[in-house]
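**Q** Chains as they are written, first to last, in my numbering: chain A, 1 to 98; chain B, 1 to 193.
Since the hints were derived computationally from the structure, they do not count as laboratory data. It is possible that part of the hints are untrue.
Stated by the list, open to error - Just the calculated beta-carbon pair ranges, DEER-fashion:
hint, chain 1, residue 1, chain 2, residue 2, range
1, A, 3, B, 165, 22 to 32 Å
2, A, 91, B, 101, 20 to 30 Å
3, A, 94, B, 65, 25 to 35 Å
4, A, 94, B, 154, 30 to 40 Å
5, B, 139, A, 52, 43 to 53 Å
6, A, 78, B, 23, 46 to 56 Å
7, A, 86, B, 154, 27 to 37 Å
A virtual CB, placed ideally from N, CA and C, is assigned to each residue, including glycine.
Residue-level listing of the chains:
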Amino acid sequence: MLLIRCPYCEEERPELEFRNAGEAHIARPTNIAAETDDDFEKFFFIRANPKGVIYERWRHIHGCARFFNAVRDTVTDKFVMTYKAGEPKPAKLPGAAK
Amino acid sequence: MAKAAAKTKAAASASVERRPALAGRTLSAPGVKVEILPPAERVSLRAPQASVAALSKALGVTLPVKPKSSAAKDGRTALWLGPDEWMIIDEAGNDPLADCAKVTALHSAVGISHRNVGISVAGPAAAVTVNSGCPQDLSLEAFPVGAASRTILGKSEIVLLRIAADVFRVECWRSFSDYVFTLLSEAASDAAN
Ligand SMILES: [Zn+2]
Chain A
1 MLLIRCPYCE EERPELEFRN AGEAHIARPT NIAAETDDDF EKFFFIRANP
51 KGVIYERWRH IHGCARFFNA VRDTVTDKFV MTYKAGEPKP AKLPGAAK
Chain B
1 MAKAAAKTKA AASASVERRP ALAGRTLSAP GVKVEILPPA ERVSLRAPQA
51 SVAALSKALG VTLPVKPKSS AAKDGRTALW LGPDEWMIID EAGNDPLADC
101 AKVTALHSAV GISHRNVGIS VAGPAAAVTV NSGCPQDLSL EAFPVGAASR
151 TILGKSEIVL LRIAADVFRV ECWRSFSDYV FTLLSEAASD AAN
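All chains, please: the whole structure from these sequences, using the hints.
**A** Here it is in structure tokens:
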């Protein structure tokens, strides 16, 4: 079983307590009514779906119930790091080459 | 400071008989006993940091701010569930909801006394029994006495509180209580082997 570190519970907890909540850092348009259909499609439907490092929202639903962000490798399923919701995308990942 | 003495008594219901789910059910296996706990008053409490002191004073128990912890005083326990969320359990017949109502600081207190069923798992095999369906590390180092956490037991969400080294309180939703009790009972029998 995967252990995922919850930044609010401040410890690693079993994956069964968590739920994935899609890609992170997707900013909602400030004036959604003014969006063109193409831009709305990009915002609403199109996701990066990378092979490798992905930034995701996760929720500790059967724990503290908080949403947070996680950096995960989609190839190895390894969690690189997690951080609180609202915090900026980490500039540098732990263990990553400079 | 003398406020704690002013705890409000739970209103006695004159005509309605309270029939707790699974009341009286118990299972004894070598090394562990699983039983339904008596009814208790419960509150789901949400509050920002700025309100914690006032609520703690009104409740007579200091709301814990450390993850996975609890605080207890005079039959009332406050369990940390999240950064702004607690469960209050009162087993002394007092009314924590009424105590919260006296607080003017921003908070949300919802009475959930009848939503939950409390189950006691006690004995040397208690941790093994709970671990049969709960994936958390329940060693005393990781989950010491007083530790409290919302977590999962099989397919049901529970709130787990360690009362003593070999005594756990399992809180689950009333409609899941048959499943949770049965799962713990089967686990208790297995834990003995
Ligand atoms: Zn958490």
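**Q** Please check whether residue 94 (chain A) and residue 65 (chain B) have a Cβ separation lying inside 25 to 35 Å.
**A** Once the Cβ atoms are compared, 27 Å apart, the range 25 to 35 Å for residue 65 (chain B) and residue 94 (chain A) holds.
**Q** How does the Cβ-Cβ distance of residue 91 (chain A) and residue 101 (chain B) compare with 20 to 30 Å: does it lie in that range?
**A** violated (47 Å)
**Q** Should the hint that residue 3 (chain A) and residue 165 (chain B) are 22 to 32 Å apart at their CB atoms be regarded as holding?
**A** Cβ of residue 3 (chain A) to Cβ of residue 165 (chain B): about 24 Å, so the range 22 to 32 Å holds.
**Q** With respect to the beta-carbon atoms only, verify the hint that residue 78 (chain A) and residue 23 (chain B) lie 46 to 56 Å apart.
**A** holds (48 Å)
**Q** Can you let me know if the beta-carbon spacing of residue 139 (chain B) and residue 52 (chain A) is within 43 to 53 Å?
**A** violated (36 Å)
**Q** Do the beta carbons of residue 94 (chain A) and residue 154 (chain B) sit within 30 to 40 Å of each other?
**A** Holds: the Cβ-Cβ distance is about 35 Å, inside 30 to 40 Å.
**Q** When you take the CB atoms of residue 86 (chain A) and residue 154 (chain B), is the distance between them in 27 to 37 Å?
**A** holds (34 Å)
Of the hints listed earlier, those the structure fails to meet are numbers 2, 5, in rising order.
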